[in-house]
Amino acid sequence: MIDTFAALAHGMAVAVQPMNLLYALIGVFLGTAVGVLPGIGPALTVALLLPVTYKLDPGGSLIMFAGIYYGGMYGGSTTAILINTPGESASMATALEGNKMAKAGRGGPALATSAIGSFVAGTIATIGLAFLAPWLVDFAVRFGPEDYFALMCVAFVTVSATFGDSPIRGLTSLFIGLTLGLVGIDKLTGQARLAFGVPELLDGVEVTTLAVGLFAVGEALYVASRRHHTEEKLEPVRGSLWMTKEDWKRSWKPWLRGTMFGFPIGALPAGGAEIPTFLSYSTEKRLTKHPEEFGKGAIEGVAGPEAANNASAAGTLVPLLTLGLPTSATAAMMLAGFQQYGLNPGPLLFAERPDLVWGLIASLFIANCMLLVLNLPLVGLWVRLLAIPQPWLYAGILVFATMGTIAAKPSVVELSMLAGFGVLGFLMRRFDFPIAPVVVGLILGPIAESQLRRALAISLGDPMTLLQSPISATLLGVALIALLAPFVLKGLGRFKANED
Amino acid sequence: MSSGDPAQPRRVDRAGIVIAALLAALAAVLVWDSRGLQSTAMYGMGPEAMPVVVATGLALLAIGNFIDAIRGNLPARESADPVPVVLILVGLALLIAIIGFGGGFILATSALFVTTSAAFGRRAVLVDTIIALVMSTLIYLAFDRLLTLSLPAGPLERLL
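Taken in sequence, the protein lines are chains A and B.
Following the numbering used here, the numbering of the first sequence begins with 1 at its first residue and continues without gaps.
Following the numbering used here, the numbering of the second sequence begins with 1 at its first residue and continues without gaps.
Think of the hints as simulated: they come from the structure by calculation, not from any bench.
All clues stand as given, with none of them false.
Some chain B residues well away from chain A (every beta-carbon gap over 12 Å; in silico):
(1) Arg11
(2) Leu126
(3) Pro155
(4) Leu159
(5) Leu160
Partial selection, computed: residues in chain B whose CB lies under 7 Å from chain A:
(6) Gly44
(7) Val54
(8) Ala80
(9) Pro84
(10) Val85
(11) Ile88
(12) Ile96
(13) Thr109
(14) Phe113
(15) Phe120
(16) Leu149
(17) Leu151
(18) Pro152
Yeah, the Cβ is synthetic: ideal placement off N, Cα and C, and Gly gets one too.
Between the sequences and the hints, there should be enough to build the whole structure, so can you do that?
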């Protein structure tokens, strides 16, 4: 406990250095600006900015990424409220009530409750992160390679199969990612896999190329292909921006309840912010004193899910920092950010670079405060970004998307891969395959493989080592249950449907 | 996810069958590629083991996707307009070609900007071209001078 305070105080001293404050400010500014643009979520925001930062110092740019992450969450809710196009699935619940409020001329209070709720949730969840992380690190130092492998199996299953619409399509996405992770030189034996004699493929598939292709190019192709279906309308912010006393009274409990949903679910390797946001939405709908307003713009329906969304964003940093385990697309991009500097999040990083880790955690508090200021009085500025005509917006997004690749590796092969992943992203959206498992598979696949091979080398090739460690055996059991649960539940559902 | 009405046979989803076939083909490629690898590990797994594991998974998923497609279990799709998609892909192809032949960053990204903008319904090609050239020149200068990252230079960049 005392150690945590000391570490946090030390981290605060790192975070308030003028350069780091500047990085945090740039991060939240860019994150909000890019997050506001429709169709761009926090994951893509980080992916777009990764190649630009690889020459900066690691501590500062990680602080910047965290700012981008949090900023993207704030920005995404602005878009969800004002034009009903959530940039990411976690903002879907916000869009339900928030856009109705905006249409009814209460866009100001909707934006305010989401910004203040995000601040409250983000701050509480970051405190949770600061206290949970050292405890988990103590636990994680005892992990052997077989335990890590088992943990990654849990993450694979929860990210792809357990909570999506279809476990088969989720697993298909994951295995596409795992396949892409195999490309390149095998680190243990130096042999090339799936390179087909192309020298550029020997280094493997670049995470940023995949993410930018899938998210940016894929999204642009998808939106272009169905432009004839929907016309999005920007709701102007009318009336007062400030919340009334009544709004405050109706908001503070949903904020806290949303945080309680968001942080634990985000911190468990349970994948994504969608579940807590929808849990929070349905809870508020049940508990509200104004049930007649739900579906027409109830402030509780914005306050709760927004808080849950931000709390789970902080929650996903717990497994990311302590175990090196990304459980969302954005966390996967953050991990890529660490890897870009040769840093591997995990217990070792806490021991070796406490200044970096605790500086990052402390800077999250600062980023949150900056975001509150940036989002409340300056909301008009961000709204103006939404007025960019769609053709220029997407043309600009594509220019920025390709620019990152051109700056990092200006080769025909790399750019063709970017375009190819764009087509893949388009097809996956069209046929309703989730995108995040591909990115997680690409990043975690090679790590899981090397942990498994290390475990088997230590046990002289005996696969029973996976079951002899109690941690690994438990985790593999959890993974198996999580894999089978959706199939069993579906079977039960069908059984019930036949009974009726 | 709807389990479907068993009394009313749904149409077989052709796209779903193509997806299943592609997954099966990918699994075959993985196995074929892994046969060229030598297992040098004394104990445990060599480099050829993981591709086979992934290929097995892909093959099983191909079967799963095939069953879903036959049952018509795929979610409904809205109609898609192919013209804008092709336009953007042409833009990407132009970008790659211009970079490949040394045309430089400014021309390449401008070509992509104009085609994408046209794909989203703009018809003012000349105005868009001017906007694109100005914007990409500014980006080039910012990257080259401020961030000291090198972007590929062509005839236009050498004039700056």
